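S.K.: Can you make the complete structure from the sequences, with help from the hints?
Residue numbers (full-length UniProt numbering), protein chains in the order written: chain A, 1 to 412; chain B, 1 to 412; chain C, 1 to 412; chain D, 1 to 412.
Keep in mind that the hints were calculated from the coordinates and are not lab data. If you're wondering where the values come from, they're calculated on a predicted model, not measured in any experiment. From the three backbone atoms N, C-alpha and C, an ideal C-beta is built for every residue, glycine too. Check the hints yourself; a few may be wrong.
Short derived list, chain D residues pointing at chain B, Cβ under 8 Å [stated by the list, open to error]:
#1 274
#2 306
#3 309
#4 328
#5 329
#6 330
#7 332
#8 333
#9 334
#10 341
#11 398
Each computed DSS-like pair below joins lysine-lysine, with the alpha-carbon atoms no more than 25 Å apart [to be verified]:
#12 D:387 to C:26
#13 D:387 to C:147
#14 C:147 to A:387
#15 B:412 to C:234
#16 B:352 to A:198
#17 C:387 to D:147
#18 D:253 to D:352
#19 A:373 to C:147
#20 A:147 to B:412
#21 A:411 to B:108
#22 B:260 to A:352
#23 D:260 to D:352
#24 B:198 to A:387
#25 C:373 to C:387
#26 A:198 to B:387
#27 C:198 to D:373
#28 D:10 to D:147
#29 C:260 to D:260
#30 B:373 to C:411
#31 D:198 to C:373
#32 A:9 to A:62
#33 B:147 to D:387
#34 D:412 to C:147
#35 B:352 to A:260
Residue strings, one per chain:
There are 4 protein chains.
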Amino acid sequence: MSAQKPAPKKVVLAYSGGLDTSIILKWLQTEYGCEVVTFTADLGQGEELEPARQKALLLGIKEENIHIVDLREEFVRDFVFPMFRANAVYEGLYLLGTSIARPLISKKLVEIAQATGADAVAHGATGKGNDQVRFELGVAALDPAIKVIAPWREWDLMSRTQLLAFAEENQIPIAKDKRGEAPFSVDANLLHTSSEGKILENPAEEAPDYVAQRIVAVEDAPNTPEIIEITFEKGDATAINGEAMSPASILTKLNELGAKHGIGLLDFVENRFVGMKSRGVYETPGGTILLEAHRGIEQITLDSGAGHLKDSIMPRYAELIYNGFWFSPEREALQALIDHTQEYVTGTVRLKLYKGVARTIARWSDYSLYSEKHVTFEEDAGAYDQKDAAGFIHLNALRLRLVANRNARVKK
Amino acid sequence: MSAQKPAPKKVVLAYSGGLDTSIILKWLQTEYGCEVVTFTADLGQGEELEPARQKALLLGIKEENIHIVDLREEFVRDFVFPMFRANAVYEGLYLLGTSIARPLISKKLVEIAQATGADAVAHGATGKGNDQVRFELGVAALDPAIKVIAPWREWDLMSRTQLLAFAEENQIPIAKDKRGEAPFSVDANLLHTSSEGKILENPAEEAPDYVAQRIVAVEDAPNTPEIIEITFEKGDATAINGEAMSPASILTKLNELGAKHGIGLLDFVENRFVGMKSRGVYETPGGTILLEAHRGIEQITLDSGAGHLKDSIMPRYAELIYNGFWFSPEREALQALIDHTQEYVTGTVRLKLYKGVARTIARWSDYSLYSEKHVTFEEDAGAYDQKDAAGFIHLNALRLRLVANRNARVKK
Amino acid sequence: MSAQKPAPKKVVLAYSGGLDTSIILKWLQTEYGCEVVTFTADLGQGEELEPARQKALLLGIKEENIHIVDLREEFVRDFVFPMFRANAVYEGLYLLGTSIARPLISKKLVEIAQATGADAVAHGATGKGNDQVRFELGVAALDPAIKVIAPWREWDLMSRTQLLAFAEENQIPIAKDKRGEAPFSVDANLLHTSSEGKILENPAEEAPDYVAQRIVAVEDAPNTPEIIEITFEKGDATAINGEAMSPASILTKLNELGAKHGIGLLDFVENRFVGMKSRGVYETPGGTILLEAHRGIEQITLDSGAGHLKDSIMPRYAELIYNGFWFSPEREALQALIDHTQEYVTGTVRLKLYKGVARTIARWSDYSLYSEKHVTFEEDAGAYDQKDAAGFIHLNALRLRLVANRNARVKK
Amino acid sequence: MSAQKPAPKKVVLAYSGGLDTSIILKWLQTEYGCEVVTFTADLGQGEELEPARQKALLLGIKEENIHIVDLREEFVRDFVFPMFRANAVYEGLYLLGTSIARPLISKKLVEIAQATGADAVAHGATGKGNDQVRFELGVAALDPAIKVIAPWREWDLMSRTQLLAFAEENQIPIAKDKRGEAPFSVDANLLHTSSEGKILENPAEEAPDYVAQRIVAVEDAPNTPEIIEITFEKGDATAINGEAMSPASILTKLNELGAKHGIGLLDFVENRFVGMKSRGVYETPGGTILLEAHRGIEQITLDSGAGHLKDSIMPRYAELIYNGFWFSPEREALQALIDHTQEYVTGTVRLKLYKGVARTIARWSDYSLYSEKHVTFEEDAGAYDQKDAAGFIHLNALRLRLVANRNARVKK
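M.R.: Now the structure itself:
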């Protein structure tokens, strides 16, 4: 936003209650003289949210301007599960745990702005990362009339010292452990925990063991495997070990299981949308199990034509989510394709969890396309005529023969 | 080939020395009255090949018609490594261990046929599987004048009993342990071991522990992690722990390491090219490590544009290999693309091997594109102007805004 | 179908009333001793269908076994229009006029078989072409229990002489002009007319002028351009020059216009699914106009993200239709994607028809995404901040800079 | 570039000699006090370049700082022809005539900057268009140390009046016909002429006839068709009517032919990379013929596997060129794929040019894959066994049958 544009009058701030967003809160008040509405979401990050309310009150936010919302079910049902229908993986390895949470935050920022008559929203993402893009593309797609304020790109608080000075000047309480700098930056939600920055910035150096906070070290995981069964309906997990559960409960339970068995740790260098590479440590315990299981159930219920089509468009789908285009026409069109393929992706997968690995060991379904009658090494009672294979091969080979003959001819 | 066509005079048989291909050998002699040339390849399957020579001699094959060839280096250098440059995975999980060996066998069958004046080749693959397709497409592409005989699709030996009767009638020695039927069928080479059929035919039933023969059970793997370093040059592994090694030696060493640590076990239901689903247990110890490491080195040396392009064409490339189109114009064109991207994929990856998992924990390269200067959370001395992000986002958002405004307008 | 399988008892034959399908009719009766049901479709091929009824009666088909159905509206509404939503073009040029008619015929064959208790269907396509594949994949997908009989692949009537002899032996009337061989083979429906074979078999020789039967020679087309307007709703044409019309009426009218102005003639060498190249002359007058117009309306109503996604999957979609996979899970999934993009493809296109060319010259829509405010060379009142472009470019360039610096560094 | 950065000392300006770039020239001198080097390219735009030299001298540019270069051969050989190997078309219709010229200009700007010790380059593209992106991405990829100055994004000359005032103040000669505003903006090179802006800004209004300046109106084109033959070697045109010619001469000749026959006119609304839609009128006479001919020769010389692969990646390739990523790793990797497919794209195409249409009517090649023996309707002497088709179809149908049976089962 250029300087000439009118200052916002009322801003909804994505507010965690932490030091940084508290500074932003104050800065918005002082820089723009605007009314601030706080929005604090429970996305399963595992933190108490009531302190955020107290801190907002302390910073002068009116009671009715404080919004604390439990988004866990919506997050899993409308964002995580649709994404997992696609087996989405970014750059071969990353399960998009941060990326998929951002559009939901944008959605709620916009909804609260519309409900409270705010003309702007603000977020605490820096100018180097992907999250600013994801937040702002989401807002633009959902309500282009709402302005977005990104203080990290605007202000002149360029160092930790300056930030702390601003906090002290403005009577923002600073927790003792925030005086020093954290050795790395953490983001968490029900799907994953990411760590990046500072001590992780050199990809040639191993991440210290203490970086992984959510998943038990494989060395400390139980010495006995655990067998679980996950049931799917139309591509979404609906039960664990036969017990029907809500989307968020499923993921919560899988997180417990995965964390216990050391599953879902990733040390990764990725390409950010803004053009640079960055290194992160990602912990996705439940998601890693879920992906394995979803592939397991698709193996028997999904036709190869639909399956290969899904595989071929998946990288683009994952890239769109990574880059922040969840609310774009093309992501929605791809979702229509993906959802269409999931009509019969219903059944149960048995997995073995052990020492960092979740492995499908059996799967069954009333919707199975697997035909033992066709595949058997035994007598198949005419289900399959092996002589058909000759014709199949001859016609698949025809163009290769024509090419070979041509090439031989012209090389003479 | 229809019955009217003239019978082959001299046939090169892909001969393992086992009972089945010995029966085929005899059947070719009796059915067609043709001269048989045997070709036995060392692809790293871990079996002695001299017994195949003795058995061929016993079955009346002339000394000069027996070809035993060590193909391990060619296999890894010209087939496995080019495929791994693409991070090729079929249907999300399968590393194509059987698929990639078939074209090399076709190539050698053709070369030996051309060298010995044979007018046909024969293989022991059944009419239900992918291997017949792979063998025959390979031969068609390399020398369309050579006929292919697929006895399993032609003969009337439809049961184990009939096969054994034929063997006895024709004085083919039958090893004691071949009297009964094997509980499942095995194929092995330097890249992997596959098991399928019989007791594995029901995907709802777990594979017994004894199916996995190559990889140590995770429960029995060492309780101490092992750290290794793999060096790559232009996308191919060239050294382990700093020691330069040949392609086959690298893969052999990685197999040892992977097998020891229980890495690379897969229980999988896949879609065969001939139209049915089948279930297999695959062990790919070294390949699993290699894939992880190759992704690790690409993370810092490959540009995102090239990387995302590779990701997007990978499913098609993997499908081509799976379906037997290695020697097709389109696989070769895709290879040209892939190889082009590997020019700077040079550097070293450190991995931790432990209890079934190979995990990249560090990577470095003189060719790195990672820029700590750009990504740092610290002061970056102007390397990156955060204000640029505003413009970047505004223009990426522009079309989303226009869509949102349009949709709002027409929904009124 | 192998010989051992039981002969069909009742067969629905795709019957044109012409000599070839009359011979098939008789052959089915004599070869299999089965009851024959005829199915003759009006797909807009421009022939009287009553003679087919008379001929069927003459050949002994019972009145109740003769099915003559007008499929023109279903053809355009459920097959042609959905395909045109995708801008489907095979191998850059072919509008799939034959391909798209085949699945509808399969559908009707199956419906009539199910309604009449027939256990088989039969078609008159040869063993070299694509149509046999399209018919049979359609039947397999719709009712796998129904057998398909393809007489051209089964019988021993291998020459024109043998066919005529069979006809005479069986009292099949032979039109005088069918005594000699037609100089090429023709297929027609409401979307197109194709000509191939015989005198067209050498692609180095020009097709004689008389091959094109449907479209006026450009030289003879009017010397005055004609301006028309086509209105679309959700991607489908619904009106011409403001007059609302049914799907088949729209295509009929566009055919008249296109034919009159010499629009839609293609001389083409294509790759058949069965592995060979073939040459055809295609006339698609209305379809050519429709494609141009559909692109024209998409230009202003479709977002670039959705548009580029559609473009990227179109070749695969076209290939699926060409190869006969209309009733496949993957075509249906792609259709879900395509249809999703068409929600706002509503508006009107003005085209100029003249001397072989249909050219969009204007287009407007209440759903337009075109923003004159943004694009204008004039003062834009702040709609677009040109300074944003600097940031947009800098971040798009960042990775290119990093690559350039790396390459310069390592090349030293 | 932010204001704090040091001002450039020496700038290479892409200089046309026209009013706008003359103003830029002066503005660079006055704003930055820097030395200006002019670069004027002959890309076949059809204008005299010597006046640009005179004007530069008049504006105080030193003789040795004036660079006028004939780039026509390099343009066609290294940019146009490689692109046409891909049959590249943006959004279904646009032949990328402007897009493909920009990277060459970037390349020359960088070369001259390096040769003259300049630390910056400047261009006259506005902040709303694609050209700024193309220029600047090119420079970033080729020499990231060189700064780019884009005056239209920097200065405050926001209206025609201000520009003319600046020109007068600075003694820049103003041609009489430049006093008033041009009714639309034109860009031209050997491949195409584009017109956009002003009177073309409303896509619902037809472009006046006088907009098309390069191509004869179809109504005025000759009443007699013209038959030409174009010969290709490895995908590039090398001769017309049997006469070998250089790349630029080929395109020049095709331009004459196309312009004469009214071929290559397009009225188009496209999606700019910067997020808005714009409308242009494009004239690509020679390129339109070349695309048709290239497709014609590929029809007989390119295998379907390679051809379909090319088709599937083409939209992405075209998008990369449109967006300015010519010098990107992914465009180069795609080019490696495309070039690999062109090895045998050698032969001759005969076309009929008439009244706006270039239509392939015959094609032949020593490298042809067309097999009359296989495709013939006549007796084929066993080249093709029609019975193979049954097996081919049965196995392609197998998965469809399994899906149909599953669906029927679960729907009961």
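S.K.: Against this structure, judge whether each hint is valid.
M.R.: Here is what the structure says about each hint:
1. 274: holds (5 Å)
2. 306: holds (4 Å)
3. 309: holds (4 Å)
4. 328: Holds, because the Cβ-Cβ distance from residue 328 (chain D) to chain B comes to roughly 5 Å (cut-off 8 Å).
5. 329: Because about 4 Å separates residue 329 (chain D) from the closest Cβ in chain B, which is inside the 8 Å limit, the hint holds.
6. 330: holds (4 Å)
7. 332: holds (7 Å)
8. 333: OK, holds: residue 333 (chain D) within 8 Å of chain B, min 5 Å.
9. 334: holds (7 Å)
10. 341: Holds - the Cβ of residue 341 (chain D) comes within 8 Å of chain B, reaching about 5 Å at its closest.
11. 398: Holds - the Cβ of residue 398 (chain D) comes within 8 Å of chain B, reaching about 3 Å at its closest.
12. D:387 to C:26: holds (21 Å)
13. D:387 to C:147: holds (16 Å)
14. C:147 to A:387: With a Cα-Cα distance of about 18 Å, the restraint between residue 147 (chain C) and residue 387 (chain A) holds, given a limit of 25 Å.
15. B:412 to C:234: Status holds; Cα separation ~18 Å.
16. B:352 to A:198: holds (23 Å)
17. C:387 to D:147: Between residue 387 (chain C) and residue 147 (chain D) the Cα gap is close to 16 Å, so the pair holds against 25 Å.
18. D:253 to D:352: OK: residue 253 (chain D) and residue 352 (chain D) at ~15 Å, within 25 Å.
19. A:373 to C:147: holds (19 Å)
20. A:147 to B:412: holds (22 Å)
21. A:411 to B:108: At roughly 21 Å apart (the allowed maximum being 25 Å), residue 108 (chain B) and residue 411 (chain A) satisfy the hint.
22. B:260 to A:352: holds (20 Å)
23. D:260 to D:352: holds (13 Å)
24. B:198 to A:387: Within the cut-off at roughly 22 Å; holds.
25. C:373 to C:387: holds (17 Å)
26. A:198 to B:387: holds (22 Å)
27. C:198 to D:373: Given pair residue 198 (chain C), residue 373 (chain D) holds - Cα atoms ~12 Å apart, limit 25 Å.
28. D:10 to D:147: holds (10 Å)
29. C:260 to D:260: Holds. Residue 260 (chain C) to residue 260 (chain D) sits at ~24 Å (cutoff 25 Å).
30. B:373 to C:411: holds (21 Å)
31. D:198 to C:373: holds (12 Å)
32. A:9 to A:62: holds (15 Å)
33. B:147 to D:387: holds (18 Å)
34. D:412 to C:147: holds (22 Å)
35. B:352 to A:260: Within the cut-off at roughly 20 Å; holds.
Checked against the numbered hints above, the structure violates none of them.
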